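*Asks:* Fit chains B and C with the ligands to the supplied structure of chain A, relying on the hints for placement.
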Amino acid sequence: MTDAPITGLTLAADIAAGRSSAVAALDGHLARIAEREDEIHAFNLVTADQARAAAESIDQRLAAGEDVGPLAGVPVALKDNMCTEGVATTCSSRILEGWIPPYDATVVQKLEAAGAVMVGKTNLDEFAMGSSTENSAFGPTLNPLDTSRVPGGSSGGSAAAVAAGFAPLSLGSDTGGSIRQPAALCGVVGMKPSYGAVSRYGLIAFASSLDQIGPFTHDVADSAALFEVIAGHDPQDSTSIPHQALTDAGVLSVSERLSEGVDGLRVGVISELMGSIDGFEPEVLAQTRAAADALAGAGAKVDEVSIPSAIYGLSAYYLIAPAEASSNLARYDGVRYGHREQGKANTGLMMSASRTAGFGAEVKRRIMLGTYGLSAGYHDAFYGKAQRVRTLIINDFERAYQDFDVLLSPTSPCVAFPFGAKADPLTMYLNDVATIPSNLAGHPALSVPFGTGADNMPVGVQVLAPMLGEAVMYQVAAEIERAAVAAGGAS
Amino acid sequence: MSDPTEHGLTRDEVAKVAALAMLELTDDELTTFTGQLAAVLEHAKDVEALDVADVPPTNHPYPLTNVFRVDDAAAVSVEDKERMRQAVLATAPEAEDQQFMVPPALGEEL
Amino acid sequence: MNQQNDTLENETPVSSTMLSAWTTESSVEREPQGLPDGWEMVIGLDVHAELATETKMFSPATNQFGGEPNTNIHPVCLGLPGTLPVVNGKAVELSIRVGLALNCTVQRCIFARKNYFYPDMPKDYQISQYDRPLNINGSIQLPSGHVVGVERAHMEEDTGKSTHVGDSGRIHDAGYSLVDYNRAGVPLLEIVSHPDIRGPEEAKAYAAELQAIVIAVGASDGKFEEGSMRVDANVSVRPAGSDELRTRCEIKNVNSLRSLGRAIQYEAQRHVDLYLAGDKPVQETRHWDEEGGRTRAGRSKEQAEDYRYFADPDLVPVDPSPQWIDEIRAALPALPRERRQALLDAGGDPENVAMAVQRNLDSLALVAVSAGAPIDKALVHIVNNLAVDGAEELNAEHFAALVTMESNGDLTSTQAKQVLGEMVESGRAPADLAAEHGFEAMDTSELDVLLDGIIADHPDEWQRFCDGENKLQGMFTGQIMKATQGKADGKVIAQLLASKKST
Ligand SMILES: [Mg+2]
Ligand SMILES: [Zn+2]
Chain A
1 MTDAPITGLT
11 LAADIAAGRS
21 SAVAALDGHL
31 ARIAEREDEI
41 HAFNLVTADQ
51 ARAAAESIDQ
61 RLAAGEDVGP
71 LAGVPVALKD
81 NMCTEGVATT
91 CSSRILEGWI
101 PPYDATVVQK
111 LEAAGAVMVG
121 KTNLDEFAMG
131 SSTENSAFGP
141 TLNPLDTSRV
151 PGGSSGGSAA
161 AVAAGFAPLS
171 LGSDTGGSIR
181 QPAALCGVVG
191 MKPSYGAVSR
201 YGLIAFASSL
211 DQIGPFTHDV
221 ADSAALFEVI
231 AGHDPQDSTS
241 IPHQALTDAG
251 VLSVSERLSE
261 GVDGLRVGVI
271 SELMGSIDGF
281 EPEVLAQTRA
291 AADALAGAGA
301 KVDEVSIPSA
311 IYGLSAYYLI
321 APAEASSNLA
331 RYDGVRYGHR
341 EQGKANTGLM
351 MSASRTAGFG
361 AEVKRRIMLG
371 TYGLSAGYHD
381 AFYGKAQRVR
391 TLIINDFERA
401 YQDFDVLLSP
411 TSPCVAFPFG
421 AKADPLTMYL
431 NDVATIPSNL
441 AGHPALSVPF
451 GTGADNMPVG
461 VQVLAPMLGE
471 AVMYQVAAEI
481 ERAAVAAGGA
491 S
Chain B
1 MSDPTEHGLT
11 RDEVAKVAAL
21 AMLELTDDEL
31 TTFTGQLAAV
41 LEHAKDVEAL
51 DVADVPPTNH
61 PYPLTNVFRV
71 DDAAAVSVED
81 KERMRQAVLA
91 TAPEAEDQQF
101 MVPPALGEEL
Chain C
1 MNQQNDTLEN
11 ETPVSSTMLS
21 AWTTESSVER
31 EPQGLPDGWE
41 MVIGLDVHAE
51 LATETKMFSP
61 ATNQFGGEPN
71 TNIHPVCLGL
81 PGTLPVVNGK
91 AVELSIRVGL
101 ALNCTVQRCI
111 FARKNYFYPD
121 MPKDYQISQY
131 DRPLNINGSI
141 QLPSGHVVGV
151 ERAHMEEDTG
161 KSTHVGDSGR
171 IHDAGYSLVD
181 YNRAGVPLLE
191 IVSHPDIRGP
201 EEAKAYAAEL
211 QAIVIAVGAS
221 DGKFEEGSMR
231 VDANVSVRPA
241 GSDELRTRCE
251 IKNVNSLRSL
261 GRAIQYEAQR
271 HVDLYLAGDK
281 PVQETRHWDE
291 EGGRTRAGRS
301 KEQAEDYRYF
311 ADPDLVPVDP
321 SPQWIDEIRA
331 ALPALPRERR
341 QALLDAGGDP
351 ENVAMAVQRN
361 LDSLALVAVS
371 AGAPIDKALV
381 HIVNNLAVDG
391 AEELNAEHFA
401 ALVTMESNGD
411 LTSTQAKQVL
421 GEMVESGRAP
431 ADLAAEHGFE
441 AMDTSELDVL
451 LDGIIADHPD
461 EWQRFCDGEN
471 KLQGMFTGQI
481 MKATQGKADG
491 KVIAQLLASK
501 KST
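Residue numbers (the numbering used here), protein chains in the order written: chain A, 1 to 491; chain B, 1 to 110; chain C, 1 to 503.
So that you can see chain A by itself, here it is in the shape it has in the complex:
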C-alpha cells in the first residue's frame, strides 16, 4: 500500500461537489485494476463497459441537478454470489457455467438506487464455502498486502478488491465469518449485520439461517454509510426484519453515532476467545488487548466476560450450515441452468454426472456432511441438537449483554497465512471459531483493523453487539479506529 486509500464518502463528496466525476472515479479505479488484477485475481468478471455507461449516466443526471443518491458515482465490487440481471453470476463454481440471472438481488437494486457503479463480480470460495478463497473453481485470490498469502474467505475477492484499491466499497456475504475474517486478513473493515437487517433476496444461498450480506470498506464511516444503503425491510425475504423494528433500534441511521465516543459504555472481552482455545497467535491476542485498553482509555468500562457455549459454536455450525447447504445446493442438477454432462442415458444419470463434474471437493464434502446429518436416524442427534446449542449460545450472549453494551474478541486467531497452510479441512474450519457465534446468534459483528501481528500482517479486532445493536457496535468500532490511527496503525 503506497498511497492513502480514497474512501467512498470522500469520493462521493468530490463527485457531488464537482471536484471529480463518476467517469473519472471509475477510470481511476479501472486503471488500478489494469495494473494489479492479473496478479491479485480479485474478480471473476470486470464489467468495465457497463460501469462506464452507468457512470456517464450518473454524470449527466448530476449535471442536470438530480439527486442521484448518497453513493453517486462511487465504484463498488460485488461478491459473485449476488445475482445481477444480465451479468453472469457464478459463485466461483463450474456448476453455474453459462447462467445469467434474469433478475437483480435486492442489494443490487439498492446500490443502483444510491448511485453506486458496479465495477465487477469478485472471486470467492465456491458457494462461499471456505476461509481462504482457495476453493474457487477459477483459482485463488491473492492477498494484496503479501501475495504469498491468502486474503481469507470466503469473500476474499471483495476484501482484496478494497485492499488493492480496485473499488473503495464492496459487498460480501458472511455465513460463519466470511466477511469479517478476510477483512481482518486484508486490513480493511468488514461487517456482518443482524440476521434479517439486509435482504437475502438474490444472494445465492449457502446456509439460509446464517447468511447475511455486508460491506467491506477502508474505514468505519464508509462501512456505516454502505450499510445504511443496503439495510432495510424487503417483502421478498420472509426473514427480513420489519421496517419499524429497524428504525426503532437505529439500525438505519448508524452513521449518526460514529463521533459519540465510548465514555461510559461497557465493553466485555470474551475470555474463551482470548487464549483459552488453542491456535490464537500471541500477537493477535496482544493487539486485541491493546484495542480494549484504548477503549478503556477513552472512558469505556472494560471487563472480561465468559460465553461458555461459544466454544461449541464451531461444532453446531458444522452441523447446521452443511445441512442447509445440502438442500440449498440440490437445485444444481443440470436440468434448468448451469453445467450439464452430455450423453447420459437418463435424467438421473445426467443429474449425478453434472453435479459430480460441476462441484469442487469442498462443496461435495459439505453436501455429504449435511446430507448425512439430516438423513434418517441422524437428524435429532446432529441438526436438531445443533439448533438447541444455538439457543444456548443466544442465551449466553443475552446474559452477557445484561452487563455489557458490546463484546470484543480477535476476528481471526491468526493473521493471513500462506497458501496451502491449512490444507486439512478441519484445520481450516477451526479458523472460524471467533466469528461463528455471531452467525449462530444472528447478532451483528464487525472487524476493524488494529495494528499488525506476525510478519507485519494486519490484525482485525471484532466488535460484537446484541440483535439490532449495529448503532452501538459502529460507535465502538469508530473509537477503535481512532485509536489505531493515533497509534500510527498499519492501515
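Simulated from the structure, these hints should not be mistaken for laboratory data. Possibly wrong hints are sitting among the right ones.
Okay, derived cross-link-like pairs now, DSBU-like style, lysine-lysine, Cα gap no bigger than 30 Å in a straight line [said to hold, decoys possible]:
id : chain 1 : residue 1 : chain 2 : residue 2
1  : C       : 377       : C       : 482
2  : C       : 501       : C       : 487
3  : C       : 491       : C       : 501
4  : C       : 500       : C       : 482
5  : B       : 45        : A       : 422
6  : B       : 16        : C       : 280
7  : C       : 90        : B       : 81
8  : C       : 377       : C       : 280
9  : B       : 16        : A       : 110
10 : B       : 16        : A       : 422
Keep in mind the model is a prediction, meaning the values are calculated, not measured.
*Replies:* Only chains B and C with the ligands this time, still in chain A's reference frame:
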C-alpha cells in the same frame, strides 16, 4: 440405544450419503472423504457434553410469524412473464418447444 | 435414482358421466367388499387439492391450469439461485377454511423441506409441512353416516410436468423429456385420512365428500379431470374383525374415482392372494395401470426413501390468531352435509339428494321447493338432465317455474326436459321457450277422445292388444304421438291404454 455419533463414519455410509446427494465418488475419493468427514464429526462430538434436552431449538435468530404475500396475479405482468420465459430458456442447457429438455426419465413411463 | 413424487400425474381426463357413475353408488354397507370370506380392507386416502388462488404458494406467478408451456413462471417458482419463498396469505386462509370444514384443530405450524431429486421440481426439494402441519385431528362424516378420521391437512407446493417424447425418427435414441413448470409451485392442500375406510365404495364416497367440501368452501375447484384433485390410496388387508395394521402399499396414478375403486379392489385382492400363498406384501409405492387393470411396483426400490425433512430456514411459522380463525369460521358457507339434510328434510330421495349436492346444484332444488314445486321432479331434473356445462349458472326462479309448469301438467316430462336444455343454453325463461315451441300438455280427456278414434280405426289390432299382444302398445302410442305432433306425455298414454284395455 446406540448414539449414532458414537460410531466412526464408515465408507459404506459415505457411499450411501453420496448416492442420496447424487454425487459419484471414485474409490480414492471415497477413502479421502470418509477420513475427512469422520474427523469433522469426531470434533463435533464435543456438543455431546451439553445437556440440551430442555432447550428449545432456534430455527431463526429473529422470531417472526405470519409473513404473508398478497395474492394478486396482476403483480407480474404478461410481458414480464414472457421476458422471464425467454431469459430462462436462453440459459437452459437444452430447450425445445419452449420447454426444458432432459434425457428420458427411465422407468417413468408407467 | 430416487424419483418419488407424492403428487399424481393426471393424463386421462375423467368425463362427467364417469363422475355421476361413482357418486350414485354411495355406500351404506360397511362389510368388506369383494374379498374372500374372513378378510377385510384397511384403507387410508391422501388427497391433494390445488387451492383456488390467483398466484402460487410461494411465488407471485399466476396459478392457472393449462396455458402455453412455461408462461406462468417467475424466478421464485423456478427455484432460480438466490430466490426466496414468501407465503401466499390467501392459500393459508383457504387451507384454514378446509380445516374448519373438516372439524380440524387449526394450529401454529411450520414449513419443512422434503428433499428428493426430481426434474419436475425446481429446487429438488418440496416445501411441505411435516411435524407441525396447519390442520390436525379432523373428521368427515360420509352420507352413509360413517365417520372417517382426518389425521392432518397440510400446505405444500405442486411440481411441474414432464412429457416424454418418443424415440421414433429422432436423433436421441431413447427419446427425451420436456419439462413445463407452469404447475410448479401451485398451492396444494394434502388431506390425509386415518385408515378408517373399509372398501372401494367407501373410499369413493370419502373422496366424493371431500371434493364436495373443498368446492363448497371455495378452496378448490376440485376437478379430477384437470388434476386439481388427486387421490393416493394406502391399502392393506387383515383378518376381518382384527385391529392389526399390516404392511400397506401406496397406490398412485389414480386418475378418476372409478379407477380409485378398481385400484383398491385389485390391490387388496393382491395382498390376500400373497397371504394365502404364505407370502406377504412389501411396503412400497405402486402405480395404477388403467389399461392393464392392475397396480405395478415403482422402479428402483433398492434405495430407501429418505426425505431428510427439516424446517425450511427461508420461511417463518404461520400462527393463525384465534380472531382470524373465528372470522374464517363465521364466513364459512353451509357444508354439504347440512345442505343434504335440508333437502332430506324436504322429502328428497337420499341418492338424488347426494348427487344434487355433489353437483353443487342443491340450491336449485331448494328454490323450487319453496316455490311450491315437488322435490322429486326437481331432483330428477338435477340428476338426469343437468350433468352439463353451464348448469351452475341456471336461474333458480326459472328452474322452479319449469318444475311447477311440469307438475301442473302444462308441460309433459319430455317437453320439460327439452325446455330445460334450452334454458341452460340461452338463459331464457321456461314460459317463453314453451310458448315458442307451442308446447302445452294435452289433458287426459282430450287424449281419451283421440284414442277412442284410433281404436275405432284399428279394431283388429285393438283386440289383439287386449288379448295380450303387448308389442302393439308401441303402435298405438305412435299413432297418438303422430296425431298430437309429439305433445302428448308418453306416461299418460301408457296409463290411458292400460285403463282402456282393462275395461
Ligand atoms: Mg402423501
Ligand atoms: Zn403431498
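*Asks:* Look at each hint and say if it fits the structure.
*Replies:* Okay, the hints, checked on the actual structure:
| no. | hint | verdict |
| --- | --- | --- |
| 1 | C:377 / C:482 | holds (27 Å) |
| 2 | C:501 / C:487 | holds (23 Å) |
| 3 | C:491 / C:501 | holds (15 Å) |
| 4 | C:500 / C:482 | holds (20 Å) |
| 5 | B:45 / A:422 | holds (22 Å) |
| 6 | B:16 / C:280 | holds (28 Å) |
| 7 | C:90 / B:81 | holds (22 Å) |
| 8 | C:377 / C:280 | violated (52 Å) |
| 9 | B:16 / A:110 | violated (44 Å) |
| 10 | B:16 / A:422 | holds (28 Å) |
The structure shown violates the earlier hints numbered 8, 9.
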